[in-house]
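Enquirer: The lines below spell out each chain.
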Amino acid sequence: MQDNKDNFVIRTEGLCKTFSIGGVQQHVLNNLDMEVIEGDFTVIMGNSGSGKSTLLYALSGMDRPTLGKITFGGQIITDLSNDRLAKFRRANCGFIFQEVFLNDNISIMDNILASGYLSGKNRKLVYADACDKLSQVGIEKEMYRKFPSQMSGGELQRVGLVRAMINDPRVIFADEPTGALNSANSIAVLDIMNKMHEDGKSLIMVTHDMKSAVRGNRVLYLKDGVILNEINLGRYDKDSEKHRLELLKDFLEEMGW
Amino acid sequence: MWSIVKSHFHKGKTGFFITGLFIVLSVLMMTVGLSICFGIDTLYQKAKLLSNSADCYGCIYEAAGGESQAMLENLLKEKDYVEKYDVQDVYYLQKEDGENVDKRLEFYNAGGANMYCDSWVAYNVDDASNVFRPHIRDTVEKEGYKFYVTGNLVAASIMKVGDGARLVIGGKTYSGYIAGIYDDMTKIYDTANVYIDGELYKEIAKLSEGDGRITKEYNINIRIDCDNEKKSYALQRQLVEEMTEAMIQFNVDRLKENPFAPIIESRFNTREAFTNGTKSFILLLGTALVAFSIIVAVIVAIVIGFLVRSSVLDEVRNLGVLKSLGYTTGQLRLSYLAIYGVIGAVCLMIGVILGIGLMPAFVNVVTGMARLDCSKAIGVNVGGVFAAVTFIVAVAAAVVHISTSKVKSITPISAMRNNIETHTFRRNRAPLDNSKISLNAHLGVKSVVGEVHRSVMVVAIVLIMSLLCSFVSVVYYNLKVDQTAIINMSAIEKADFYINFENEEKSHYFDAIHNMDGFEGDVLYMRAGLSVDDEFAIMQLFENFDHMRTKLVYKGRYPKYANEVLIDYVYAKEKGYQIGDSVTLHMERDELESDKSCVIVGYFQNLVDYCKIIGFLDILDELYDFENLEDEIYTQHLIYFEKGKAPSNQELSSMLWAIDGNVKFHGFKSGEFYIGSMFLNTVETAADAVMSVFFSITAIVIALLLVMLIKLKLLRERRNYAVYKALGFTSLGIMLQIVTAMLLLGILGSAAGALTGALTTSPILSMFGKYIGAGHFDFIVPWGYIAGVVLFIAILICAVSMLCAIPVRRIAPASLLRERG
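Protein chains in written order, with our numbering: chain A, 1 to 257; chain B, 258 to 1078.
Just chain B, with the same shape it has in the complex:
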């Protein structure tokens, strides 16, 4: 039996080698993908420990050691789930008004580009007592003061480690450079938190005395004692809520004692925002890897099926002779299973070892999307490995079993005939007597229609790969090039500017904006927290929906009256709400509780978990005593300009500064920046990564397939090619026959695949969209990209086929024809 196995192996080394590579690829991707999906919670837990991040933190605008700190520490000591906490002094620096750049932190690079932080918080990186001193990486050593920024700042701007940093205080310039990146999951999206070296920190501390624009504050970082991510987030939210309430109560008590006491402001945050912003995409990438590995497994199945079937047909004589010697059909089929068993075992082992070895690199790509460096956050998941191995083994065994079914029909008689298909009637497809095209091209076409099994296999594999590439291209285009569709699904309005002012008198600023050339509209807007069905939910409230740029409504219509709302589509499905139903909004604030019943008039999509309900600002009139709405610091104005007439950030801020030199912004962002910082920056990175991975794997799979097929073809048809050469065909002509055949199949497969991919991307995403907060995708199909996919595959096939067909040149007709039989 073993000699039969060895005989199979010697006759099909190339095919086995390439099948093996596919198996390795499939196992590797499935191992990594499943490990990421299964280990996502562990990933966040480990990333927290590796970066030494807190679970939540608070920023209190009072110097450390004050009354509020004692109050908060007492609160924390009461919580048995608080593992540890730590308090650090920080300095909050605000740029002087007008043209004076004092206290502004500026980063600049050699190319002359720069970016500013007009108000920022300085942390002491050399504070050894800081229990939550972040993990510092990518450090460089240069002359000057050291500034450490978040990975997000580096990724989202053109600044990089080593670029210059400049700070002016009291006319003196403190020059330095970005000395490294700090990883902190609670502050990663906040570019205004900068760690600086101890020397500069002391200098700032000294200068803060008597300078009202440098405020000493404190930070409180808290670690929750909980390994379960879901429970941990619940505790984080609970703690942040309690600390917020405690600070409110603290201020109320102080005001009762002294009506003129200044309010001590505070803000609290958890690392859940980071998780929310990244989890969907990490899972998406993990799932994509698993999906790809399944596709490669399908390709493995097709290739094994083809090879085994071809092998059985080639070996009819030997198999017949073996049967005449007494071998049973089962034994002969087992010999094929054995050879693939040996190959499979070796390749599975290699795949798993590679998976373990490459896991850190994959995890780094994944966490890199989230701007963290956590290559060791998770390892290979044992369950994932087991699932991957079992899946591949089952697929390969089933295919080998099915493909060897022809062995049953081989008899010693058919062995004498040499071919079980010798006397079957075959059709002469694409006869040459009707040929109007080049002879070599026609012979290429004939080989396509003559070898149906091979052609079907090539078309099927190319179709699958091009379908994937097309799918990824559509997603890439909509995430990166034209983001209209994805913005429509984000529930975030893309106004030209989000703006408000801290000044008491601000109407003149708005008047100035309203008088600007091209001004189109000003819509008051806010986000508010409330309860729906006893669950906390964020609501977006608009003064009106007249100028909406984002097409928020997926189904239904915009609200017309104050008691009408839009509801998140997936949330509505979960809760069983439909258009026309009523939903009760519940609000608690300042010890007041109120309810309002609203009619759902439409659905919106909520890709980034931005809010659950959208309605008119008027809703608040009944829910909350909302007098003098515009004085509330959390309202914003959405400013709209006519198309192409919107000023730049710089132009708008300069204009406002020029009014009285006293403008104080509260929130001033372009809509583009706002949406970008919310989620698009992350998905853009993901899109790049996914696009490169998919196209690379496609190129590898197609190239390997062609190498295998053309090598096999040259082996089987060398005698025919020798005769062709004898008759006067040139080597190039025969190579063109091979390229034509492969190209034809490639174009057929890739065109069908690319078209199918383009047309099914949105429906497929819609099917799975609910997992990432969207129920209906309406992506734009970039036909140029789809044509690009077909072209990419065609060029790839041309190049690889031509290279693989080069050995045709070495076919010597005389020596081959001299061999008899």
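Next comes chain A alone, as it looks inside the complex:
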């Protein structure tokens, strides 16, 4: 896939993001150029404060860069108004967060439908799709009416995955999706993400965790606001996990991790 450089879904040119903290300017993203290839499971790694999440939010159109251009699916999203961006996100982006961020005041099914109905598709079909996807991630029907406060962390993250998938977005953005999960739940969530990748979905994941990172086929290393280097791990399969981990470890050591 990396061979086909024109088949990108996201491209950035001269991306800069500056925060002013206590009157001091911090350049988090620094003239960053990158491309995300359609169908790739791209992983962004880097030290704390390297700008991983900032880059993820900028790529998804959730945040605006200070300078630079982002082209997403052929559309320059940096020129869009906030409302146009919101509509763009609902059609093209799915999000998985470390803390899931489900609305505590509504049931898990309503959390999914609140996102799904935004697409404007037939509501019955959306509901059926939500049921189907929830079943795929192991959430039983009896749990649909439960509130987030009544579920475990692993269950919640699986619900979060379904919410991210419900509008069949072009790209799924994941910000430390396993950061708050135990090992078993992390594996379950990552397996689902790999399944999405196998189904042709583009994923971009920010993580600190090497076991999570090896699930991707392309790992970018971010340092001082620029992509320092990247490694292509090829498509994931369980049998090669050990080898992939070694490759990634070497790569990260080389990057000064």
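Don't take every hint at face value.
Partner residues are not named here, just some residues of chain B that face chain A (Cβ under 10 Å, in silico) [said to hold, decoys possible]:
#: 1; residue: H699
#: 2; residue: E974
#: 3; residue: G985
#: 4; residue: L989
#: 5; residue: A1069
#: 6; residue: R1075
Hints listed in this document are in silico derivations from the structure and should not be mistaken for laboratory results. Note that this is a predicted model, so its numbers are computed, not measured. For each residue, glycine too, the CB sits at the ideal point set by N, CA and C.
Using the hints, position chain B against chain A.
Expert: Leaving out everything else, chain B in the frame of chain A:
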């Protein structure tokens, strides 16, 4: 402990600020309302002094210095309760007959409108010796002669200060203008008393010689030495009675000496008429303010309850940790009480200071209804302030105590769980999978059913406010727009005309009226004074009840026979009379006394204390030698025309003038004017004032409530909104969720409140009506107005919610989601 209090304060500034505003509003209204109610008698006393009014006055149709003056002065000198009196010359001017406008006083304005006084009394405003020279206000300076009129004339007509005035005497025109308003409680409703400048007064004095239409008379003003209003009125009545008797005796003595001596007529009046006409409505306004302040206090209680409860639930972890450190439940509850104690103390102080500051403005509104300018008539009543403060403190303390009861169930363990309700089972109301409406609207509905406490609070407050608005709207409609119900309760018949003539021969005038197109009926009518149970009472007597326009009978039936009467409902309740009972009417006149027993066949209502008994004119046959009834000057004819065929005043008077050019009216008023001058003009002003106050306060209360709730919501739900935005919700969509939720609650509350208000207005008024002379209200419910109340509140909620939700636009998903935990 103080650090806990400070922590509460920093976390809920908006809620505290708005609660504080409600407390200020409540204390302010209660302070003012109670001060007015407690100080009503003082108000009249002070208003008397500020306006330099007499307690009673007499108008005697004889030049000053004559025999009658000496006689009356002797009488007054004998009364130890008379503080002072004063006599002034006045001139009584009467327009010439027919088309000649000589002596007519005309007021006119730039728009071409005008009004006439065909007979009027001129007072000298520059008479420095006048002890009762009235308080003059709102003066303007222009070219020409100065005319000063009563506040009532300005309020009840389209004339205003600065408008032109014109007087023609002997073909010469004396032009001037309304130079100001004079305040005199004894003459306020008498538009024919005009103070004029000294120069014109002298000119009139000069012209009066040889002119039979300008009569020199005198006025006698008397001040009673009594600070107690009730006793003062009793003395005023007693004095007026004695002076009337003295004048009758005086005339009798003169006739004995000389059978051809002209009768010296006189009339006397007290300021009690003014009090009677205004007291009920001033008290009503004061009571309304107190009622409103109690309602705002209820709202304060609801808001404090909501805030404290929400705060306790939000602070479970901190409270649990504090408990683990050794704080007791009592100490933690006290911390909440302390914060509201601090807020309450500050707001109570502000409320009282505002009450003191705004008292003159409120009093001015109140006395302005009575056409007086007496902003300094009363100040804040200390008892009222104390009562207001005690009430609010008690309400707030009780609510805080009750609302912090959850603190008891918080343990260090629940602190670890972070939420005492985390593991309780909640119902997923209004699930989205059945949704048929817009997603944002549905999420708005979900927030309504999901946050039950908040929803109940909003519905309760909106319900209370809309109930009040609906109540006020019904009252307003019946006082101002369709006065049928209130006229029915006034005991005043609304004929097309009240008319009689001073001419000796008058049958041809009546014949002419009877032959007019659309003429329906002519009913002889009079008011007479008599005694019932040794108490003076006014009685209304009708020749028949065939044409009654006012539905006088509240319960029972109209009299059919001369020995049947109707009785004032509240008076009957006080005295224990019931339908079917007999009542003995007693009359004393010209040294004759007589009694008549009558059967009560029905009740009427008597909102303006107009009379106590209504019956047939025939009753007088037994009570009083009433020969040649129509010659008595105090009878009137009620003239009725078919609907839509009644002529205007001008048309009727022109027709009568055209008969022989010699008609002399004694009393000529349209029924509408008659009722208006009796009380409706006053209540109309009151209705306007009350309506504006209630709707303004409703708007303020609802707006403040929404500001508080939406600010709190944005604070608590900012993370959820950030996620929504990340998922693709637009700012407008999220704002619509908030507006939908508030609008839904608003419509629910306002519809329930408005409906309840509409249906309960009459029963509630009936419950308290006896204090203003009515026992049964049957007000028309104006459904258009009720719908207007709901619409008003809905629009208000939409506008305020939308404005308050604007900060949603500033919620940046990336920065909020970057914050962990």
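Enquirer: Flag every earlier hint the structure violates by its number, smallest first.
Expert: none
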